[in-house]
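Colleague: The residues making up each chain are set out below.
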Amino acid sequence: MLAMQNSLAASLKSWQSLMLGGLAAACSVAALGCSTSVFNSEFVEIFDSSGTGALATVENATGHVPVIFVNRLRYSPQLVNYMARLNQERRLSGVGDSLVELSDLSPRCRLRVQVTFENGNVVEYEFVSGDGVFEFEPRDEDEIDLGIAPDPVDPNLTENTLTRTVSSCNVARVDIVGNAQVFMPVFIRTINVEVGDLAQQTRTLVTTDAPQFRAVLADEVDGDLNVTLLRNFGVREAPAPAQNLTCGSMVGIVLSGSVSVPFTPPEDDPQDTFISEQDLVPGFVDTDTRSAATIPGRYEFLVTVR
Amino acid sequence: MRSYARLTTVLLFALILSTACNPNARLFNDEFRNFTQGDVVPLTPGVDSGLVFVRLINETPSAVEFVVTAEKQVLITDEEGDAFVATSVETVRLLTIPVETANETGALFDCPVTRIGLGEDIDRPTTDAGIFVLDPAATQTDQGFGVPSNLAPLDSRAGNFGCGDTIVIRAITDQSAVGNVKIQSFLLPWATQPMEFLGPHTFNNVRIFLSEQTPEG
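Residue numbers (my numbering), protein chains in the order written: chain X, 13 to 318; chain C, 1419 to 1635.
Chain X extracted, bound-state conformation (with noise of 0.2 Å):
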């Protein structure tokens, strides 16, 4: 009996080694054979004292998930024929000797990107798509004593462009944060008209913006979703949360619509002339709310995941 308990633990025990050592022996070849990177990489390191990193290796990702920013806008023709007249003028900066028609330029535009990870961690993008280009300051002493605002000295216009980032899974969500942002190019004048006694109007400089990003805001609502201001999006078109996302899937985020601005007579308009469009200027009365919520413009914003 002794004797055949004692057969029967060798046999067991040779199983098991035999068991373990295959073990070894059949990950070692399928790691060799399949992997590129056996060894960590401080290991190989050893054998690399000379810097060069030829030995060195580098693990391979799980997987990535790219987010791609397109930025469809253009200019309103409106705004495309001031541009127009302000180059004529000289008065018009980022153009240069383009042979790029002012209608085909792209606005500049910029929004914030957060890459949520599946481990909660998370990394924000500034994406930054667009031409830099900005009306001058108007040189003239007389412009320069109504208070015309500097130039727009703007470091986000030397900005690099970015549009394409890749996250390494396992990506779980991605959200625009905070508004986009939109490069208003021309000066807007806010202008006051008080109505005399006989009628006739008075306008005033009131104030001067110069170029600069403006949020892309959305519609005002009631409680029941009814459109109350007119701002750049409607409230049911938000941009969506990429969410649930798989490793090796996309997203992609685009923003489309028309940068515009209200025009109105400048504030030196004699009365009693016809005005044509060709004098307008970008601008707004002070109490005309609805034409103020209307700038930077229209957009649409499409997610989609692939």
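Zero decoy hints are in this set.
Sample of chain C residues facing chain X (criterion: CB under 10 Å; computed from the structure):
| hint | residue |
| --- | --- |
| 1 | Val1458 |
| 2 | Arg1473 |
| 3 | Ile1515 |
| 4 | Glu1518 |
| 5 | Asn1521 |
| 6 | Gly1524 |
| 7 | Val1586 |
| 8 | Phe1604 |
| 9 | Leu1606 |
| 10 | Phe1615 |
| 11 | Gln1631 |
Interface residues of chain X toward chain C, partial, derived using beta-carbon atoms under 7 Å:
| hint | residue |
| --- | --- |
| 12 | Gly75 |
| 13 | His76 |
| 14 | Pro78 |
| 15 | Asn131 |
| 16 | Val135 |
| 17 | Leu174 |
| 18 | Arg176 |
| 19 | Val178 |
| 20 | Gly260 |
| 21 | Gly264 |
Here are the in silico distance ranges between beta carbons for each label pair:
| hint | chain 1 | residue 1 | chain 2 | residue 2 | range |
| --- | --- | --- | --- | --- | --- |
| 22 | X | Ser268 | C | Ile1626 | 15 to 23 Å |
| 23 | C | Ala1504 | X | Arg97 | 27 to 35 Å |
| 24 | C | Asp1553 | X | Asp234 | 44 to 52 Å |
| 25 | X | Glu101 | C | Lys1490 | 32 to 40 Å |
| 26 | X | Arg102 | C | Asp1496 | 21 to 29 Å |
| 27 | X | Ala96 | C | Thr1544 | 42 to 50 Å |
| 28 | C | Asp1496 | X | Gln90 | 26 to 34 Å |
I should point out that these hints are in silico values taken from the structure, not numbers from a laboratory. Positions of the beta carbon are idealized from the N, C-alpha and C atoms, including for glycine.
Given the structure of chain X, go ahead and fit chain C onto it with the hints provided.
Modeller: Quick look at chain C alone, frame taken from chain X:
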């Protein structure tokens, strides 16, 4: 008994080999499988996508901003109809955070790309900052210092990379390097990667998406 043990070992051995290398076997989860084989989702854009992928890895204890510049040769026609080749440069700045997964990021560039390097001026890799290392104690993201990459730009004309490849740039801690950060570069050629995938064709989907976004699209 010993023959049973041998048989079990052989079967186990065969099972591990087949599941590790057989594209249809699903013993391992997708993440592990893609890590070893890359056939669940692509790790390189592939030549058909018309993209070059620059993968950036931060293995330092600090937040690191990579300054990646891609140089292209573009054909320009002037007003008189004469064509000439000009160099176009695209620079992106990408921030990485020293926590898992957020320590990696990447950028995609349209082919053809002539050269890729770190820094605004890739011809000055020993003097211009290729990365910006943020002070770990900083409360503002503009507190830190720039570190030259000391990496010569990768040149596609010299065969350093090709369209569809993945270039990997990694920042690691090295006490002997300036700023205690050393930069390394690696290449994952698309030709070494599988052509078929079980999951989404990531980069081809990017190409299709971009082609749909033309003004006429």
